[in-house]
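Trainee: Position 246 of the sequence shown, counted from 1, bears residue number 246 in UniProt numbering, the numbering being contiguous throughout.
No lab work stands behind these hints, which were simulated from the structure alone.
Just so you know, even glycine gets a beta-carbon here, dropped at the ideal spot from N, CA and C.
Incorrect hints may have been included.
[To be verified] FRET-style restraints, in silico, Cβ to Cβ:
{"#": "1", "residue 1": "Thr-74", "residue 2": "Pro-133", "range": "30 to 40 Å"}
{"#": "2", "residue 1": "Lys-242", "residue 2": "Gln-308", "range": "40 to 50 Å"}
{"#": "3", "residue 1": "Ile-324", "residue 2": "Gln-300", "range": "22 to 32 Å"}
{"#": "4", "residue 1": "Pro-82", "residue 2": "Arg-345", "range": "29 to 39 Å"}
{"#": "5", "residue 1": "Gln-54", "residue 2": "Thr-108", "range": "23 to 33 Å"}
{"#": "6", "residue 1": "His-280", "residue 2": "Pro-80", "range": "32 to 42 Å"}
{"#": "7", "residue 1": "Pro-82", "residue 2": "Val-148", "range": "27 to 37 Å"}
{"#": "8", "residue 1": "Arg-249", "residue 2": "Gly-269", "range": "34 to 44 Å"}
{"#": "9", "residue 1": "Pro-82", "residue 2": "Arg-249", "range": "45 to 55 Å"}
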Amino acid sequence: MGMKNKLKRYLKVVLIFALALGVSGNFRRVFAADKTGAITGTGFTYELVFPENQTGSYGYYDLKMAPDQKQELTIKLNNPYPEEIKVDVIIDSAKTGSNGVIDYNRNTLAVDKSLKHNIKDIVKAEKTVTIPPKSKIDLPIKITMPKVEFDGVLLGSIYMERQTTQKEKEQQTGSVRNIYSYSVGLLLRENDKKTEKKLELNGVKAGLDNYRNSVILSFSNVQPEILPKLSIEAEVMKKGSKEVLWDTRKTDMRMAPNSLLNFPVSMQGEAMTAGKYTAHIIARSEDKKWEWNEDFEITQEQAEKYNQEDVGLIQERGLDWKLIVIIVVAILLLFLLIFLVIRRRRKKEEEEKREELLRRKKALLKRKRALEAQKNQENE
């Protein structure tokens, strides 16, 4: 690895360390709604109006509809505060996060190519609504079902996020952003037919998970049904070897209908090495079982790239003293800056106190002289 690449990696680690200290960064603090619609924190409240074709009494919409049926739902929004607020509304299909949890929130995850009907093309709402001060409004949600009947379910969400006011932007620090939002689940079906569970392995490749070297297993739930109680066991070995280099096992996961799951197998802090590998994978969902032996290759270019970006990489040659020195110097500079700012502020306060004391002494002396002069005049 060249000196230039080493320096880039050092700078990345120092930057991440600075972020951890709160020197810079941009963190979102999200206030989510519970199923009753109450928001934790200053925001707004909502109430779901359930139609007659609602299936069950849940905190989300579960509707049984007919092909080509049109329907309008209503969500009541309440602004209890003396200023108007604006709320952004986003309709999207449910996705599956790398932790095996169905994600209904705003995200950049991709849908699987097997998805025939994207819920954001079927369900429409205004992109932004305004709620006047201390008022309630109705938010219409319009649904137009596909003309051809389908089996299974369409799963998505109605995501709402309150826009941050200019005053709030000025009050917030550079490291924390308060986001006031919530998601309402939306499940649409046309019949009660169940489809057979089907999980496909798209491929295996090297990558990063949370800035750590990993092997990424890409799965697709290609059916329009939630894949429940999913467990995955994976072992990674050098091709032709039985020695397990890295392994993982996770249970109680779920996949959204027609969604992707990029499942990580951590390299446990080890440096990535170029070569040919084999992943042995077993996945289960209730009574179904799938098993694969998948060969893949890590190129030298990939290994160098990900090793440079892995912030927790264990280096075989021992302690990286250059990196330690850079981190220590960064900490010392930070504390020196804080010390100088505090000392300057205290010095200024002390000077102001001395000037104020001097003004008081002069005023007192002036008053004393005036009293003495008045007394002398009276004696004469």
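Trainee: All the hints need checking, so say for each whether the structure fits it.
Mentor: Checked hints:
About 22 Å separates the C-beta atoms of Thr-74 and Pro-133, a value inconsistent with the hinted range of 30 to 40 Å. One distance hint, 40 to 50 Å for the beta-carbon pair Lys-242 and Gln-308, is violated here, with the actual separation near 31 Å. Between Ile-324 and Gln-300 the C-beta distance comes to about 28 Å, which sits within the given range of 22 to 32 Å. Restraint check, Pro-82 to Arg-345: a C-beta distance of roughly 36 Å satisfies the suggested window 29 to 39 Å.
Against the hinted window of 23 to 33 Å, the Cβ-Cβ separation of Gln-54 and Thr-108 comes to about 31 Å, which satisfies the hint. The hinted window of 32 to 42 Å between His-280 and Pro-80 is violated, with their beta carbons roughly 56 Å apart. Range check, Pro-82 to Val-148: Cβ separation about 50 Å, and the 27 to 37 Å hint is violated. Here the CB-CB span from Arg-249 to Gly-269 is close to 19 Å, at odds with the stated 34 to 44 Å.
Under the hint 45 to 55 Å, the C-beta atoms of Pro-82 and Arg-249, about 54 Å apart, fit the expected range.
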